[in-house]
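Chemist: So the chains spell out like this:
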Amino acid sequence: MNWKRLPFVILICASLILAACGGTQKTTEATKAPVAVATNPPATEPVTLVFWNGFNAHEVDTLNQMIEKYWNPTHPNIKIEAKGEVGPDQILTAVSGGETVDVAILWDPTPVKVWAYQGALVDLTPYIETQNANLEDIFVPAGLEWVKQPDGHYFGLPFVNFNRGFYWNKDLFRKAGLDPEKPPQNITELAEYARKLTIVENGEIKQLGWAINQDPSNLIELAMAFGGHFYDAQTGKITATDPKIIEALKWDVSLAKEFGLEKVNSFVAGFTGAGNDPFVLGKVAMTLSGCWTVTFIKNAGVTLDYGVGALPTADPAYARSNEVETNPIVVLKNTKHPQQAFEFAWFLATNPDVSREFANLVSNLPQVKAAMKNFSSDPKTMVFVDLSNSPNARGWAPVTVSAFYITEWTTAVQNIYTGSATPEEAMEVVNKNVQAEADKYK
Amino acid sequence: MLKELRVQKEKIRSLTKQEKRSLRLGLAFISPWIVGFLILILYPIFSSLYYSFTDFASFRPPNWVGLNNYVELFTRDDKFFLSLYNTIFFFLLAMPASVIVALALAILLNSKLRGMTFFRSLFFVPTIVPAVASAAVWMWILNPQWGLLNAALRLVGIHGPPWLSSPDWAKPSLVLVALWGIGSEVIIYLAALQGIPRDYYEAALVDGANSWQRTFSITIPMITPVIFFHLVNGTIWAFQYFTEAYIMTGGGPGNATLFYSLYLYRNAFTNVKMGYASAQAWILFIVVMVATLIIVVSSKRWVYYEE
Numbered sequence: 001m002n003w004k005r006l007p008f009v010i011l012i013c014a015s016l017i018l019a020a021c022g023g024t025q026k027t028t029e030a031t032k033a034p035v036a037v038a039t040n041p042p043a044t045e046p047v048t049l050v051f052w053n054g055f056n057a058h059e060v061d062t063l064n065q066m067i068e069k070y071w072n073p074t075h076p077n078i079k080i081e082a083k084g085e086v087g088p089d090q091i092l093t094a095v096s097g098g099e100t101v102d103v104a105i106l107w108d109p110t111p112v113k114v115w116a117y118q119g120a121l122v123d124l125t126p127y128i129e130t131q132n133a134n135l136e137d138i139f140v141p142a143g144l145e146w147v148k149q150p151d152g153h154y155f156g157l158p159f160v161n162f163n164r165g166f167y168w169n170k171d172l173f174r175k176a177g178l179d180p181e182k183p184p185q186n187i188t189e190l191a192e193y194a195r196k197l198t199i200v201e202n203g204e205i206k207q208l209g210w211a212i213n214q215d216p217s218n219l220i221e222l223a224m225a226f227g228g229h230f231y232d233a234q235t236g237k238i239t240a241t242d243p244k245i246i247e248a249l250k251w252d253v254s255l256a257k258e259f260g261l262e263k264v265n266s267f268v269a270g271f272t273g274a275g276n277d278p279f280v281l282g283k284v285a286m287t288l289s290g291c292w293t294v295t296f297i298k299n300a301g302v303t304l305d306y307g308v309g310a311l312p313t314a315d316p317a318y319a320r321s322n323e324v325e326t327n328p329i330v331v332l333k334n335t336k337h338p339q340q341a342f343e344f345a346w347f348l349a350t351n352p353d354v355s356r357e358f359a360n361l362v363s364n365l366p367q368v369k370a371a372m373k374n375f376s377s378d379p380k381t382m383v384f385v386d387l388s389n390s391p392n393a394r395g396w397a398p399v400t401v402s403a404f405y406i407t408e409w410t411t412a413v414q415n416i417y418t419g420s421a422t423p424e425e426a427m428e429v430v431n432k433n434v435q436a437e438a439d440k441y442k
Numbered sequence: 001m002l003k004e005l006r007v008q009k010e011k012i013r014s015l016t017k018q019e020k021r022s023l024r025l026g027l028a029f030i031s032p033w034i035v036g037f038l039i040l041i042l043y044p045i046f047s048s049l050y051y052s053f054t055d056f057a058s059f060r061p062p063n064w065v066g067l068n069n070y071v072e073l074f075t076r077d078d079k080f081f082l083s084l085y086n087t088i089f090f091f092l093l094a095m096p097a098s099v100i101v102a103l104a105l106a107i108l109l110n111s112k113l114r115g116m117t118f119f120r121s122l123f124f125v126p127t128i129v130p131a132v133a134s135a136a137v138w139m140w141i142l143n144p145q146w147g148l149l150n151a152a153l154r155l156v157g158i159h160g161p162p163w164l165s166s167p168d169w170a171k172p173s174l175v176l177v178a179l180w181g182i183g184s185e186v187i188i189y190l191a192a193l194q195g196i197p198r199d200y201y202e203a204a205l206v207d208g209a210n211s212w213q214r215t216f217s218i219t220i221p222m223i224t225p226v227i228f229f230h231l232v233n234g235t236i237w238a239f240q241y242f243t244e245a246y247i248m249t250g251g252g253p254g255n256a257t258l259f260y261s262l263y264l265y266r267n268a269f270t271n272v273k274m275g276y277a278s279a280q281a282w283i284l285f286i287v288v289m290v291a292t293l294i295i296v297v298s299s300k301r302w303v304y305y306e307e
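Protein chains in written order, with the working numbering: chain A, 1 to 442; chain B, 1 to 307.
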């Protein structure tokens, strides 16, 4: 051994030992977290809860005003320190670095179950039980799926939901000689209308009747309209090779091939980037889009005569299918005040006034049924509210590996439309990869 | 090397009291940096080495899994090899292109023309634009329908490809974006060009060398140390390439731009597999190390230093 290198070797060893210790320290902290639920909630000593969320500064200001108005009078001893504009990545890093975040609202529901599996979240089930409430009665069921484990345990609560629906341009319908008040009723009609509404000039697509090759999230909606299921709710198995999903993709691709796949791709690729929505610009006659697009069109100051409704389906059995997601509220494991944190989470999730006002502010939908009636004076927005509570409304894949699933799905969809894979081949790969990943979380 | 160390030791031993005091003071002054380096850089580096042998997922205490992460990467993870392939492809495309473009621009900017300062500034401007902003601008430039690039190509009768949404063109598009921000390399080449003694060119002129010969027999050999520097830096950059791909393509279409760092990031933060991502990071470290070593070893053959 070269003794001159000894200091360096010691340094490496020390670092490694330190790193190992860092891990074990976390063990003790994790096991120290209280599991027992205090049956007598009122806190005697004032506590401050750190509350992180993904909303922007203006939205956080409004949220703070609501906290001031609805929370503070009844909970003088639980102060809320809200911080906005933090995404799941930052929360993940902060919490694993030992920073205390008591309550968080994530802008995307996919981390909830994987974080729960990794032990980052407080199981809210015992606290919920103290409320003597049936969650299915309080909340829009589809939004709830993202925070409910198959065994019935809750690792979060829903906060303002969002979904997508069918948009059609009434002016373009008139120009094509179609009744603007009669959107297509089923998939066959959708294809017929799509052909009638497509304009090709000098071999180039000038207007597309139906937005083919949409955002991967929208294609999930299309698959649902064909009756496709992305996982088996009973067994938890991944079902990406569901023939109905493949049928939906084939339908869309075959429509694209009628106009030329390459031409459609180049037309679609022209509309990427903010403020460049082909439907808003009148270049696409029928599309799928989020509930927020109604407000977006209003605020953009464009005059667009359009209608919204449920996506036409392949079979009446799938009528009013739509995919609902939520901004989940979670209580993080390193909180020192799980009881108070739950109380605050419960307040945010269940207060109808907060739900109504905040969902309107961010152009989302209420997660509590009590806030649905008279939610908005805008009839178009109300269409989305009703859709989110339809019997065929659900989360597409509220499973532990949903974030992994969406990246695989996105890749598959891209491969299908660039012609590198058939729908069958692409979905075979998705199923294999996602199932293999899911099997690690047993 | 060892001899030098021994000499250093001798020197320290033979220091006067005053000198020893200065040394201690000096060390005390740089101690904030040393401590910072140890805690903020060296410790995390070796932590990640430790974590690469665990199933660390940020929250739970990590469990030792031995070589599992490495075994899985090499035997069961198709995307690991794909991302490595994409990265090497990007490196092989971007590296020579950036040397040629930066050098060519520097040679042009070295000519004695009026208003040259303006042009020098012009080519440097992109480097001060934040990556996120330039990525957003480039997404518009590369837009297949309304983008400037395809509009320009249309003028000469070429029907441009859909750039970022084509699996074949996505990587070259990102190389193009990278070349746009080459200003700082241009400045370094320019400084090197101006450091070449004029007498070499005068002597060459006397011998009747044309400008082509002057470039390849004087200019390029004289600035090989800078090319070497650029190669080493560029290699490290190319293997860690992340931001623009993250913003502009997100790894798509069909994983065509799933670069190594992008896949690593996805595993760490989306799939919450920190241990696995740490293993990836260490493999990247070794790959970069080997690539750099090859360049360093080869440099003895082609880098000329003035006597």
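A portion of the hints provided could be inaccurate.
Which residues of chain A face chain B? A partial, calculated answer using Cβ under 8 Å [said to hold, decoys possible]:
#1 T74
#2 H75
#3 Q118
#4 N265
#5 A269
With a cut-off of at most 20 Å between alpha-carbon atoms, the simulated PhoX-like pairs for lysine-lysine come out as follows [what the hints assert, rightly or not]:
#6 A:K206 / A:K257
#7 A:K170 / A:K206
#8 A:K440 / B:K79
#9 A:K263 / A:K244
#10 A:K69 / A:K83
#11 B:K20 / A:K432
Calculated from the structure, these hints are not laboratory results.
For every residue, glycine included, the Cβ atom is placed at its ideal position computed from N, Cα and C.
Chemist: Next, verify each hint and record whether it holds.
Modeler: These are the hints, each one checked on the structure:
Nearest Cβ of chain B to the Cβ of T74 of chain A: about 32 Å, over the 8 Å cut. The hint is violated. Here the hint on H75 of chain A is broken, as its CB sits about 28 Å from the closest CB of chain B, past 8 Å. Restraint check, Q118 of chain A versus chain B: the minimum CB separation of about 4 Å is within 8 Å; hint holds. Of the supplied interface hints, the one on N265 of chain A holds, with its beta-carbon coming within about 6 Å of a beta-carbon of chain B, less than 8 Å.
The beta carbon of A269 of chain A is positioned within 8 Å of a beta carbon in chain B (closest approach about 4 Å), and the interface hint is therefore held. A distance of roughly 16 Å separates the Cα atoms of K206 of chain A and K257 of chain A; the hinted pair therefore holds under the 20 Å criterion. Among the hinted pairs, K170 of chain A with K206 of chain A is consistent with the structure: their alpha-carbon atoms are about 18 Å apart, no more than 20 Å. Note on K440 of chain A and K79 of chain B: the hinted pairing holds, with a Cα-Cα distance of about 17 Å set against a maximum of 20 Å.
A threshold of 20 Å between alpha carbons decides the hint, and for K263 of chain A with K244 of chain A the separation of about 26 Å lies outside it, so the pair is violated. Distance check on the hinted pair: K69 of chain A and K83 of chain A sit about 18 Å apart at the alpha-carbon level, within 20 Å; holds. For the hint pairing K20 of chain B with K432 of chain A, the CA-to-CA distance comes to about 67 Å; that exceeds 20 Å, so the pair is violated.
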